[in-house]
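Colleague: The chain contents come next:
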Amino acid sequence: MTTMLEQPLRDATEPKTIEKVAIVVSKGSLEGIYPGLIMANGARMDGIAADLFFTFFGLDAIRKDRYAKIKVATVGNPGLHMPTLLGALPGFSALATKMMQRQMEKIDMPPILEFIELVHDSGVHLYACKASVDMFGLTMEDFVPQVEDIISVGEFYEKAAGGQIVFT
Amino acid sequence: MTATMIADTSVDLDAEGFLTDPQQWNEQLAEAIARENGIPELTERHWLVVKFMRERFLTTGTAPSIRSLGKESGVPIKELYQLFPKGPAKLAAKIGGIPKPRGCI
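The listed protein sequences derive, respectively, from chains A and B.
Per this note's numbering, the very first residue in the first sequence carries number 1; after that it's consecutive.
Per this note's numbering, the very first residue in the second sequence carries number 169; after that it's consecutive.
Accuracy of the hints is not assured; some may be wrong.
[To be verified] Away from chain A, derived, C-beta distances all over 10 Å, residues of chain B: (1) T177; (2) E204; (3) R222; (4) T228; (5) L251; (6) P267.
[Said to hold, decoys possible] With a straight-line cut-off of 16 Å between C-alpha atoms, the simulated EDC-like cross-links for lysine to aspartate or glutamate are: (7) A:K130 - A:E114; (8) A:K98 - A:E155; (9) A:K69 - A:E31; (10) A:K130 - A:D149; (11) B:K219 - B:E240; (12) B:K268 - A:D46; (13) A:K130 - A:E105; (14) A:K20 - A:E158; (15) A:K64 - A:E114; (16) B:K219 - B:D182; (17) B:K254 - A:D121; (18) B:K254 - A:E114; (19) B:K254 - B:D189; (20) B:K239 - A:E114; (21) B:K239 - A:D121; (22) B:K239 - A:D108; (23) A:K130 - A:D108; (24) A:K64 - A:D142; (25) B:K246 - A:E114; (26) B:K246 - A:E117; (27) A:K130 - A:E141; (28) B:K246 - A:D121; (29) B:K239 - A:E105; (30) B:K268 - B:E240; (31) B:K268 - B:D182; (32) B:K254 - A:E19; (33) B:K239 - A:E117; (34) A:K20 - A:D46.
[Stated by the list, open to error] A short, non-exhaustive set of chain A residues, derived as facing chain B with CB atoms under 7 Å: (35) L30; (36) E31; (37) G42; (38) N77; (39) P78; (40) G79.
I should point out that these hints are in silico values taken from the structure, not numbers from a laboratory.
We put the beta carbon where it would ideally sit given N, CA and C, even for glycine.
Only chain A is shown next, with the shape it has when bound in the complex (with noise of 0.2 Å):
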């Protein structure tokens, strides 16, 4: 004879909202680098603990000589909508960059130092991916003083552990 197991209960205790986040940045151009800042901050804005990592390309975000030129992505983009051959013209990015930037500063989203600096003031904790900067050949003197420390992905996972993990 066999019998029915009936179905565990959910846990009644189980959390019903979300108390904290991991947000992975990896890509760095502008459209790639700003949702998860936004992410961040709204989930502190919404009383959620959240750590940043930035991985690969979205290191561009937090390296010094860097952050100040992150760019929209004119090619093989198709959400601008326009023929890929206009978006590779010499300056056309720039100029979508400006345009997007104009943009933002109308919805009062910061650019992205500033944002950096917002984020981390309200509680966020920064960190850099060790395999990243070290295939890079960085060291933390390139990255804004926001950033706390260098870490590798089993770091990141102790930090995630019990919340949330967002990769952009």
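On the provided structure of chain A, position chain B as indicated by the hints.
Modeller: Showing chain B alone in chain A's frame:
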């Protein structure tokens, strides 16, 4: 929307506890809402933020972003989060008797 008694005043609240009519607000009410939301006492710095939020909403029709709150209220971002750990903009709006801010920044 439900009518609720807070600090001896009948007020209309939305599902999340924000006042639906900013005119029903008064300072005793603000202190009662703050206590209910984990702030035992409103300091001068809390009041600065709450009144800034409220005035901005009443003059422009929208609550300020966290960015302009940090730049213009006279209270920097770090301190905003010390004063209102569960979210400065939302909590200050709730205490200030204005609707929940809908902005993403």
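Colleague: What are the numbers of the hints the structure violates, in ascending order?
Modeller: The structure breaks hints 7, 8, 13, 16, 18, 19, 23, 30, 35, 36, 38, 39 and 40; every other hint is satisfied.
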